[in-house]
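Go ahead and model the full structure; you've got the sequences and the hints to work with.
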Amino acid sequence: VKRIGRARPQPRPLRFTATSRDERAVANLVTELPDATPDDLSVERVWRRLQSPDPGPSRAWRWATASVLATALAVCAGLLWLETAKPKADILLAEGGLFSSASAASWAPARRGDPLAAGASVRSDRSGRGVLRVPGVAALILDTDADLALVRLGRSTVLRLERGAVTARVIKRSRGERFVLLAGDYTVTVVGTLFSVTNASDGRVAVSVNEGVVEVEGRGNLWRIEAGHRWSSDSSEVVVGSEISEARAALLAAAMSAPRSPELAGLFSAMVRADCVPTPVPPVAPDAPIPAEIPPAEAIVPPVAAAGLSQATSVRRRHGVASSPLLAAAEATTRRDERPEAPRPLTMNQPAIAPAPSPSTPVRERDYYAEALNLARHGEHSKAASVLTQALAAGRGPRDLELYQLALLKQRHLSDPQGALDSLQGYRKEFPGGALRQEVDLSIVESEVALGRSEAALAESARFLAQHPQSERADEVRVLRGDLLRQAGACEKAAAEYRAVSGGPALDDALYYWAYCQRQLGDSASAAAALRDYLVRFPAGRHLDAAREALGR
Amino acid sequence: MTLRSFVALDEGVPLEQADLLVRCLAGDRTAQRSFYERYARFVLRTARRLGTPPEETEDVAQEVFTVAFRKMGQFHGGELSTWLYRICSHRVHHHHRARRVRQTFARLFGDAPQAEETQSQERAAARRDAERRVSEILALMSAKKREVFVLFEIEGLSGEAIAERVGCPPDTVWSRLFHARREFARIGRARELLERSRSGT
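Chains as they are written, first to last, in the working numbering: chain A, 1 to 553; chain B, 1 to 201.
Hints are computed from structural coordinates only; laboratory data are not their basis.
Which stretches of chain A does chain B cover? Using the computed rule of at least three CB atoms under 8 Å from a CB of chain B, they are:
no., region
1, 15 to 26
2, 32 to 42
Cross-link-like lysine to any residue pairs, in silico, SDA-like; alpha carbons within 20 Å at most:
no., chain 1, residue 1, chain 2, residue 2
3, B, Lys144, A, Pro13
4, B, Lys145, A, Leu33
5, B, Lys144, A, Val30
6, B, Lys145, A, Pro11
No residue lacks a Cβ here, since even glycine has one placed at the ideal position from N, Cα and C.
Here it is in structure tokens:
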């Protein structure tokens, strides 16, 4: 091909060969060019300039000015970038005694939305809890009686847990983007996971992993803890079993979302509720000793998932069945602290400066709330209610939790809906913006239903839907309203309520009863269609037999 | 590189040329003047043909000779005019780029470069409109296409001569020329710099 190409005649300039209009225009333009031969004067001028090269102060000055300006511009841009790109964390939710400090020098009550820069610390007392977010990196639940310092935020995130417990969800980190949690002598390095870390006041550390992998390094050893396992520093063994509740996991997942999730408050209250509500007591050996006396509150791990011990482990520990050496040691600590002559000394991990009220100040007063929870877990609901009533009268402890817990006991175990309603109304009055408000509103509806006051229940449920339109319990409330209206004979209104149910488990009832209402209203065709739809959607539904019977199958 | 090694290594350099270069490197003003007189017109003409505005042509020539005298030790044989052409082409390209930056800033700040404009206007009478338009188009072309277009269409060099000067195979010259013509016409059309020529046809 090349040979053939070379054989062809070489192109000629356009002024000889132009054919198209553009080519002719170009050729004309080129032809019009004047002779570019320089004159002698020009040649001489250049030579003179070469002989006495003018350093060109003006040009040098221009360059210098430009350099200075460019440098200044770069510095300004760099500063601006540093300011805007400064990594920050924030407090998503705060409840009770939660405090923050920019430099660990002065503490101020933490509020929702407060920004936290690197170097800040967050601390909770026995009534305080918080959800923190490091945007794009992690969300953390700071439990009661905990102290967390944000050592570094940015490409690598380093936190230091001085004491207490945190549960964290961390997004998958790429190489070089480390998420490190320092707890005592141990370094917990995260790849991307859901985990909790406890730093007990005496320096013992426990880690529980729900998802992903966590590496713990300390005292010359390295442990790799995989999902579904936990580890404690006193046994130094990784054992099966994670202790993070689903409520916590759901809350953290919502907290990770970039726009603030409307479900956060509800999930938070659900988590608190899950931590508070007695869980099924695990099998206990008949001869397992049950402490006759409830140890002082300060001496035990705080009641609500405090010190990183989940409900189940707390229950086991209180039954004297320590699940791990850490718990056994905690038990020992508890007993040691019970001795009046041996007050617990402050350890290295405890903060030097504490907010008022100091979460680390030894308190020797009775913890009614913990006592009541313990009783409730053992099925002694009347005594638990009595203790909570005493607590409320004494004005001690977390009043909001006490009111809510008392209401639950009365509503679910003591068949006292009026008493429950009084407690719930008390909560609503004293804590109009409390974290448990949504749960309280729902419980009020349930109490009104239990009291047989349909009108009041309908009014309360309407209020609930108006105040918590995004609640995950809204569909349940709609079904409840539908039931109340249906029982009152208002099938049309009931059908409207059932129809408003968007999905989820509540749809089972909603669809069936909507069909029922349609039949009552005389629209058999719609009712039959809805029932057929029901059979398709819920092949194992609660109303399966009734639906089949209604369809004559 | 010392003068001795320069002469010893570059055996392809003609003796007369080598002698001139050695003396230039030694700082012999007479030799430098001789060298300058031999190539000054070539450099000035090349700079202008490559689209340098007349008011900048002498600046380019000064820069070319400054570089040439400084880097004469790096000349490794061949035609001195080719070597100077390469230097000239680089300097012209640099000037085109600097001019575009200046014009961009002038547009950004809504302020035309007064000094240059004034200078241009003062000399506008002395230069032909066609040259201005060709310069404007050439300034917007890529360096490689500009070179080939100028050397072939304006200077009338052969393909082999152009290949030697720009340092590429002859086939590449024709390929570049093909694209250079199209680019020249496209820019001329876009900037309406061909209009007058069209009307003249």
